[in-house]
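**Q** Listed in order, the protein sequences are those of chains A and B. Residues in the first sequence are numbered from 1 upward in steps of one, following my numbering. Residues in the second sequence are numbered from 1 upward in steps of one, following my numbering.
These are calculated hints, taken from the structure and not from any lab test. One should not assume that every hint holds.
To be verified - Here's a subset of chain A near chain B, in silico, CB distances under 7 Å, partners left out:
#	residue
1	Tyr32
2	Gln42
3	Leu46
4	Lys49
5	Ser94
6	Gly98
Ideal Cβ placement from N, Cα and C applies to all residues, glycine included.
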Amino acid sequence: AQSVTQLDSQVPVFEEAPVELRCNYSSSVSVYLFWYVQYPNQGLQLLLKYLSGSTLVKGINGFEAEFNKSQTSFHLRKPSVHISDTAEYFCAVSDLAGNTPLVFGKGTRLSVIA
Amino acid sequence: DAGITQSPRYKITETGRQVTLMCHQTWSHSYMFWYRQDLGHGLRLIYYSAAADITDKGEVPDGYVVSRSKTENFPLTLESATRSQTSVYFCASSDRSSNQPQHFGDGTRLSIL
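Go ahead and model the full structure; you've got the sequences and the hints to work with.
**A** This is how it looks when you write it as structure tokens:
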């Protein structure tokens, strides 16, 4: 079975500063990894995904994440945040075989301060 | 427009009542999911379905019933609502397998008094 730990429940950051949201996972098999974003009163939207290939994955809205197999991490980064990036961010993991659904972390609330 | 829609968006009911949350998707995705979102718990899977007439329990299935007679619909029923079931409920769908990216509805905010 897989599990996900998002190391920070809240991350405040000033506008135009860089940000990193941390995600660690646990799995005995190879995995797919995802980051989702949730804006207020909305459902989750896919931000980016790692399925295979390059360990640096680029997503929408200028976000990127790096898959590190040795550290079992998939941290999300953005070099310069905007007020509009204020949202809840969820990391998720699944096994390659598709035997079980995605497992989500508990989320990190990113607050961008003007 | 194609997508996944949930209804109602908001619902207030009383303990002991039966309530059904609806979910409809237009993509013909095989998989559909129900989650509840609570502060401090993130998203927790209630039930999921791999196809019509095939359903499986998730992490927190107790007190909930699902059915999937048609591919596009996946209703979630609380047979006798309890206050602990006050939550925001999200429906999602994915194509081909359960490990593919999921598409989410906008949620139903359910309050049980």
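**Q** What are the numbers of the hints that this structure violates, sorted from low to high?
**A** none
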